[in-house]
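Peer 1: Kindly generate the complete structure, drawing on both the sequences and the hints.
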Amino acid sequence: MKILARRVAWVVYLTMCFSLLIVPVANAYIDAGSGSFVFQAVIAFGLASAVAVRSSWGRIRSFFRGRSHPE
Numbered sequence: 016m017k018i019l020a021r022r023v024a025w026v027v028y029l030t031m032c033f034s035l036l037i038v039p040v041a042n043a044y045i046d047a048g049s050g051s052f053v054f055q056a057v058i059a060f061g062l063a064s065a066v067a068v069r070s071s072w073g074r075i076r077s078f079f080r081g082r083s084h085p086e
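What the sequence shown shows, in our numbering, is residues 16 to 86, in sequence order.
Simulated from the structure, these hints should not be mistaken for lab results.
Values in this document were obtained by computation on a predicted structure and should not be read as measured data.
Accuracy of the hints is not assured; some may be wrong.
Distance windows between CB atoms, simulated [unchecked claim]:
#	residue 1	residue 2	range
1	V53	C32	18 to 24 Å
2	Q55	L29	25 to 31 Å
3	A65	R21	24 to 30 Å
4	L29	G81	31 to 37 Å
Heads up, simulated SDA-like pairs for lysine to any residue below, C-alpha to C-alpha not over 20 Å straight-line [stated by the list, open to error]:
#	residue 1	residue 2
5	K17	V27
6	K17	L29
7	K17	Y28
The beta-carbon is built from N, C-alpha and C at its ideal position, and this holds for glycine as well.
Peer 2: Next comes the structure, spelled out in structure tokens:
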């Protein structure tokens, strides 16, 4: 089951990557509101990643140290 899930995820990933390469020309612009939205999304992703790493830092550290249980 895990192998099937990985293959499906890989196919979806490759499909998304190739679909981004074959985008038709768009006559559009990015206004200030869109730019600030993208900036806000990038900052939110960074902060969420930092919180996720911070909350599981003991497990990450014990994994690289080779211990079976976090302190």
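Peer 1: It remains to establish, for every hint, whether it holds in the given structure.
Peer 2: Outcome of the hint check:
For the pair V53 and C32, the supplied restraint of 18 to 24 Å holds, since their beta-carbon distance comes to about 20 Å. Taking the beta carbon of each, Q55 and L29 are about 29 Å apart, inside 25 to 31 Å as hinted. In this structure the supplied range 24 to 30 Å holds for A65 paired with R21, their Cβ-Cβ distance being about 27 Å. For the pair L29 and G81, the beta carbons lie near 35 Å from each other, so the given range of 31 to 37 Å is met.
The hinted pair formed by K17 and V27 meets the criterion: a straight-line CA distance of about 15 Å does not exceed 20 Å. For the given pair, K17 sits about 18 Å from L29 by alpha-carbon distance, which is consistent with the 20 Å threshold. Annotation: proposed proximity of K17 to Y28 holds, straight-line Cα distance about 16 Å (limit 20 Å).
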